[in-house]
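Residue numbers (this note's numbering), protein chains in the order written: chain Z, 1 to 245; chain H, 1 to 245.
Heads up, the list lumps identical chains together, so a pair's fine if it works in one copy or across two of them.
25 Å max Cα-Cα, derived DSS-like pairs, lysine-lysine:
hint, residue 1, residue 2
1, Lys212, Lys242
2, Lys58, Lys151
3, Lys209, Lys242
4, Lys28, Lys58
5, Lys17, Lys151
6, Lys98, Lys209
7, Lys98, Lys151
8, Lys17, Lys111
9, Lys234, Lys204
Hints are computed from structural coordinates only; laboratory data are not their basis.
Number of protein chains: 2
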Amino acid sequence: MIEMKLRSQPVGISLRKRITVILVRPEKRENIGLVARNMKNTGFENLRLVNVERIDQKSYVTAVHAQEILDNIRFCKDMTDATRDIDVIFAATSRKRKNFLALSLRDAVQKIFSFPPQTKVGLLFGNERTGLTSEEMLSSNYRFIIPQVSKQPSYNLASAVLLTLFHIYASDDLKNVEITQEKPLPRKEQEECIRIILDKLEKKGFIHKTNKFHVTEMIYNLFGRLSMTAKDRKLLLAIFSKIGH
Amino acid sequence: MIEMKLRSQPVGISLRKRITVILVRPEKRENIGLVARNMKNTGFENLRLVNVERIDQKSYVTAVHAQEILDNIRFCKDMTDATRDIDVIFAATSRKRKNFLALSLRDAVQKIFSFPPQTKVGLLFGNERTGLTSEEMLSSNYRFIIPQVSKQPSYNLASAVLLTLFHIYASDDLKNVEITQEKPLPRKEQEECIRIILDKLEKKGFIHKTNKFHVTEMIYNLFGRLSMTAKDRKLLLAIFSKIGH
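Based on the sequences and whatever the hints tell you, model everything.
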């Protein structure tokens, strides 16, 4: 059966503050409001939008009493802007991607709790019709799939956010979860390191024109899953500077 | 952490067939379609509407690929019509009601699985703004509350249905759950028995004009929670026929 022991203080202040929902190119203004309402119900407050310049009354209508979340939205011009100060990014996807491992929702939630409490976590949700593009996926450390019975239609945007947040909210007390990971570097620094590695590999001829897209995805998947710490970066850069010679 | 071991056949055919979602006086046609989509994603198919005469294109738009659920909606003229052939009814409520005990979502899901596999289960969801009236609550055996952090706004209709169905779908394998209850009588026969009891109590002066509403609710709550079997009814009617004299 489902274990759903709620904390007496259901979501610790730090968890509420350190988790950020990022909607990438959402199309319908109503959905942004519905996401805000679901965030408020489950106790979260940080919302960022990528490639949306403003919201309008339609979002406020569906948000009902969750307007303050809309008032504090951060509008981001691109993926880098949306993720640079976050330490580990989980992207929701409705289908398996060739070059990316995907966790179950349950395993993704467990992984979130395995990071130290000061780790900033981003949850990435794509456009309603297209989901996340392969390029947008490169901004994530982990991918997760919300289980469903029928392949079509996938969960709608607000539903996918709700199921994810509810499972974080309803998870067991943090005190009982063993922290097994170190705090990762901010995503921006992780990606800078990955790009250095990619450059080296390209210079060595490992990456070339015909395999570039494919290998780039695989490298992002591989080194993303490290949730790279400062120590990891140091080691990786040392290794790849050797390779470079 | 959340236990969410999925069955290899995620929802047994019988579970899919024997669970019915009942929306009472839903106001927005869009929400009916969103509920159908959420049912399809989580593997359910029986949808009934109380006090809705027809649906329209708005429902089909939001249902996306779940149209066949809309095509097979049963339109019910009242609560009795919607519940008569169902054996045990669980009503979603966002607030505690004076005369009704409420289970957590988790306990409600466990209780659903504690009935024998041939038991027909109804899930009752009220109007978007008002929820279920006290009178509509009388048609339920159990009430349950979906946990949330903020009191306002409550989950929207499609979200409440989604969280409930997802938790049923994602629950552990039925084989590992001990069946601790017998199959209840169809709800119609349970209510007939409750009304006989109420009549007896009224005749004996236990129920009178000033306490009638209050006591009626308490009696419905008490005998509803029995999930009355044929044996229970026999015993109850024997007891109350004694009292009647």
